[in-house]
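**Student:** Letter by letter, the chains look like this.
4 protein chains.
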Amino acid sequence: MASTFGTIFTVATFGESHGKGVGAIVDGCPARLSLSEADIQPQLDRRRPGQNNLTTPRDESDKVSILSGVEQGVTLGSPIGLFVPNRDSRPSDYGNMRNVPRPSHADYTYQMKYGVRAGSGGGRSSARETIGRVAAGAIAEKLLRVVYGVEIVAWVSAVGDVETTGVDAHTVTRAQVDETLVRCAHAPVADRMIAAIREAKDANDSIGGVVSCVCRGVPAGWGEPVFDKLEAKLAQAMLSLPATKGFEIGSGFAGTRLRGSQHNDPYVMQGERLGSPTNRSGGVQGGLSSGEPIVFRVAFKPPATIGVAQSTVDFDGKDVVLEAKGRHDPCVVPRAIPIVEAMAALVLADAALLQLRHGVIQ
Amino acid sequence: MASTFGTIFTVATFGESHGKGVGAIVDGCPARLSLSEADIQPQLDRRRPGQNNLTTPRDESDKVSILSGVEQGVTLGSPIGLFVPNRDSRPSDYGNMRNVPRPSHADYTYQMKYGVRAGSGGGRSSARETIGRVAAGAIAEKLLRVVYGVEIVAWVSAVGDVETTGVDAHTVTRAQVDETLVRCAHAPVADRMIAAIREAKDANDSIGGVVSCVCRGVPAGWGEPVFDKLEAKLAQAMLSLPATKGFEIGSGFAGTRLRGSQHNDPYVMQGERLGSPTNRSGGVQGGLSSGEPIVFRVAFKPPATIGVAQSTVDFDGKDVVLEAKGRHDPCVVPRAIPIVEAMAALVLADAALLQLRHGVIQ
Amino acid sequence: MASTFGTIFTVATFGESHGKGVGAIVDGCPARLSLSEADIQPQLDRRRPGQNNLTTPRDESDKVSILSGVEQGVTLGSPIGLFVPNRDSRPSDYGNMRNVPRPSHADYTYQMKYGVRAGSGGGRSSARETIGRVAAGAIAEKLLRVVYGVEIVAWVSAVGDVETTGVDAHTVTRAQVDETLVRCAHAPVADRMIAAIREAKDANDSIGGVVSCVCRGVPAGWGEPVFDKLEAKLAQAMLSLPATKGFEIGSGFAGTRLRGSQHNDPYVMQGERLGSPTNRSGGVQGGLSSGEPIVFRVAFKPPATIGVAQSTVDFDGKDVVLEAKGRHDPCVVPRAIPIVEAMAALVLADAALLQLRHGVIQ
Amino acid sequence: MASTFGTIFTVATFGESHGKGVGAIVDGCPARLSLSEADIQPQLDRRRPGQNNLTTPRDESDKVSILSGVEQGVTLGSPIGLFVPNRDSRPSDYGNMRNVPRPSHADYTYQMKYGVRAGSGGGRSSARETIGRVAAGAIAEKLLRVVYGVEIVAWVSAVGDVETTGVDAHTVTRAQVDETLVRCAHAPVADRMIAAIREAKDANDSIGGVVSCVCRGVPAGWGEPVFDKLEAKLAQAMLSLPATKGFEIGSGFAGTRLRGSQHNDPYVMQGERLGSPTNRSGGVQGGLSSGEPIVFRVAFKPPATIGVAQSTVDFDGKDVVLEAKGRHDPCVVPRAIPIVEAMAALVLADAALLQLRHGVIQ
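Read top to bottom, the protein sequences are chains Y, E, P and W. FYI, this note's numbering numbers position 315 of the first sequence as 1034, with every residue one higher than the one before it. FYI, this note's numbering numbers position 45 of the second sequence as 764, with every residue one higher than the one before it. FYI, this note's numbering numbers position 209 of the third sequence as 928, with every residue one higher than the one before it. FYI, this note's numbering numbers position 187 of the fourth sequence as 906, with every residue one higher than the one before it.
In isolation and in its complexed conformation, chain Y is listed as follows (with noise of 0.2 Å):
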């Protein structure tokens, strides 16, 4: 199931960029949750192009309809259908590109695969196929703040060479993040993102980024021990969001330059549990939560569709040069915020549910 995540609490998106709509169905999600679409928007309109002059001028209001599984204000235990319509596409920007495959974009890919592909943008491989996930997200981090006290942060760490070290993971809020343009929670840095993503703009060009990632009030014992480490699965929910490159979570490819000496988390108490409050691990040993922080870090990178004009060739092979007309983010970061925020949602939910099956023999 290709368009399917999760083992209890599930989410299957749908939806091409140029299409009806966009949507999603979550499945698993326990009964008698309160929610309305009043929990689910504000998120979607952290994500929807549009929102000022760091992203796409595609204009979507991307309001979200709950189409299932709620009534009277709380959730029936049945799947949670949801869409968003899709109101400003323009499938004739895309006219003169049809027998080019776009450099480092899906189309050649897409049609290698399945012989055929949307006719315009990006199909399912545009971003517009993360408003299902955002959504479905926002549903399981509802879930996971009501029920177990779980908080979910993401800022921007970097763009392109401009890093901040400077935010800390045991207290940034949503807020603060929201603070600056370029979502990075330090101001002192945020202006220098800024101007490094006005300038690949200015350049018809685009810039990467780091999104850091903090789950914060994760009991210990979440996660699976094997093929479903809780690492493992936060690495497929992230390498599964588009235009993302790596990931690595506590000391990552850093550490690897530490003696284990210099790596190894000792225990100590906190309150009426061990703590190992250096957590180079990022709050994870052995695939479980250990009750730290879970911290981690995605790399995406620039954004492929560019102004810049470039050499290459067309599905039959012969040369062009191509500038490409379709309306894109210079830098996909700050947008990429909730969608993280998302994608860990959804993973730990799971692991939640999960767990509560894996219930001890008292």
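By construction, these hints were calculated from the structure, which means they are not laboratory data. Any given hint could be a false lead.
The list cannot tell twin chains apart, which means a pair is met if one copy fits it or any two copies do.
Claimed, not checked - Listed below are the simulated SDA-like cross-link pairs for lysine to any residue, each with C-alpha atoms no more than 25 Å apart in a straight line:
| no. | residue 1 | residue 2 |
| --- | --- | --- |
| 1 | K739 | V866 |
| 2 | K782 | P804 |
| 3 | K782 | E991 |
| 4 | K739 | Q791 |
| 5 | K861 | A750 |
| 6 | K782 | N805 |
Fit chains E, P and W to the given chain Y structure using the hints.
**Tutor:** What follows is chains E, P and W alone, placed relative to chain Y:
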């Protein structure tokens, strides 16, 4: 199904590090593949402990038996049962650590999840669990090689601070990799890597590293477009290995520093097909293979078991100083090579069989 | 995933009987299948209420919209979103029954499972949920017909005591089935079936029946050998329909009275292949299709909603006399015909695509 | 995953009838369940061949070993590996039948699916495959009994034309069932059943039968509402057993002859909960358990292996007369008892663990 991986070509592993043995069931392997233990044992031999003085002294021959699914040298299409007995387990080594959760091991998280844990060693969190993966991966590899001509080669690209960029992913072979004890395929750097491991070992300490891997010959179009993108399944597969903290494909984290015009892979004709030899995308576009080599890197932390004394607390919160007595590797990356290859093979074999369905409508 | 069915060709349904509508997502349908709403609507029309005076008077046109996955008349390989709005829901009909669990309905069990239930009608347990199945099944059927030449025909073989054995499974067509209002394909018996339904209806009562179904043109070798035997998936599919109480394939329960020498199907040459025309096995052997027609029967109980007064208790245990006011069918089997066909198609389409993956090594 | 069953509590079986042995992996069993081989062996003993002169003379002790997942007498939460070696396989018995597909066996369909098949006996289609199910089912049963107080009892309710309706599903015990050689729990009829089997055996023939089963103590609310209805999973489970041709629950096929007013189960107070003692629904409503006993029946055809000469054709279409030499049961239902119980237990254990998630929102 926490211990099962794959949709069509599946593997389920079982067994604890100090129990009777470890094994796996491979289901979904096509019938009539020529197969015997001799196809599987070489990768187990590359993985087994006690190979040389860079690895743990635990001495296991790790001889595999095929229990089912093969008759007269060919697969029947039925589940292939695989078993490797444990010979040199020493539960008594762990007696004095029973009440101390070892720092950066899974003792604490397993106890929190299950309310019980294996009495010695890591149980399921031990690297011995990977034996089932390696055995299953060898079958996946044979299928990929015989039917599709796919080649998978991994090598050590960093130990601590010592890195190599001198390995050519287009040509490197396993024979070259195995020429150096540390499996780095680049002799000038190998000696420095070996020295780094020996230094760590002599200090009763451990050290991290990075494994790189290339999959050559994968045709365009394998993978799934949304949650099960090829890079997403590879990321899950790699982060499901013990001691891994990061995954990157193609340009990875470094690519986030580039502009789109620097990062995009223009197409050129390569014989009968389109290619993109700059391959910053690492062989995937939109979750599907592009026909270029798939290249990725995996971060392994320094092993948590070290002889250096560590100040920590026991399960009751009482201060203790722990000096581990269990046998262990000072650095896991040399032995991780066949494990990374196995997981890549499992991902690709499943993708290959999933892909068979597409394009049936002519 | 309680609301998802299938491994490769999958359907996920959503929607309550008195909500905004009902729908489904079909994932895994191969690309380039010619498809439009016109392929789906005819089976929905055969299923819809209010067709004639043997069915519920609830008046729904049940017009389907394809939301995604199809462009310019062909499938893209992406998820196919399907939606049918509810038009004639009357929640107020159920007001006075809110505190009474209707006998042999799911009110009580849903309340016990979820701690909440849809405020009117059956919610997800309503037969309206089957709309998503029928729409998805129509796509599965088209795939089976176009690519494999498979034909699926169901008919009413019993209403109460009135049975027909006069339908030839080798030749019966949907046109013949639809010639009689009761869809029995055997005119002499049809009138007696219709009379039985009318008698029940006139008595404010309901009556049960049996649906038979044949799948012709299925090649030998579809199905899986153990838990997902073809007959096992058909049995699951049929018993997942509301109001079903039994399933039998081939000789069924009657075959238990025979000796092996009477029951066995000897092989004979049939053109190029082996056949077993006695076909007491019903087109399957060992869980796999044999190449003979697959023939099975499904038992439907009398509908639980009746106008006859029933002595029962409310949720608080207080005695009440219930006279149902909701609109309902006096007998479900005529409208169950396209539903049984849909579920058979979903099982077979998945088996067809799974079989591609077992592909034999040549 | 053709050889895997279940969502949370899962079993995967492996092994051919004339290979090294057969086994299973049980995954998802909660930790800290007291467990040893002694919990499993009794059901294997009830299943094993050679028990008495009503069964096949193949002599197998069928001693099970637990390979993993249990330590110091309790489950660890990790996969439980189970293995039973084959002792008395006689491949040579089948030599002369190699080119003849045995009528109503799976030789032909396996050959068509896989292009190869096990060289002797039924391979995976043999009843020996059910050993893994029985071993796994015994673990499921223990979990259900210890944690939930569920009891499962199956008995033979028909052999050929000889039927019993004299068994009380509310009270029947396994001890009563085992009092008669034929396991019918109703002595007056048992002798006639035994006679019917002996007559078939003496005629070198075989005979069919029906197994009934009751699951007592299942609380209301287990099961899933749509495709995975409890009756649907039971139907799949039972039709996945070799030689089964039908399944019915509660009133079954006979219930189709009733009117709603005769068939409905009114509610009454039963202690603290609502009950419906008429229980024509067989313990389920809308796919969910109702709290009443779950009662179902399974049809087993006469075994296909008979000594009577059969006129058939070989794989090349040449006429042959086949007289089977393999050892076989004249009637499978006495040995099917523990197998039916095992499959019921696997369905219910999975439903129990799935149900844990519901109602978390208080």
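**Student:** Does each hint hold? Answer for all of them.
**Tutor:** For each hint, the structure was consulted:
1. K739 - V866: neither (35 Å within a copy, 28 Å between copies)
2. K782 - P804: Both, since 8 Å and 19 Å are each at most 25 Å.
3. K782 - E991: neither (44 Å within a copy, 46 Å between copies)
4. K739 - Q791: between (28 Å within a copy, 13 Å between copies)
5. K861 - A750: within (13 Å within a copy, 29 Å between copies)
6. K782 - N805: both (10 Å within a copy, 21 Å between copies)
Hints 1, 3 from the earlier list are contradicted by this structure; the remaining hints agree with it.
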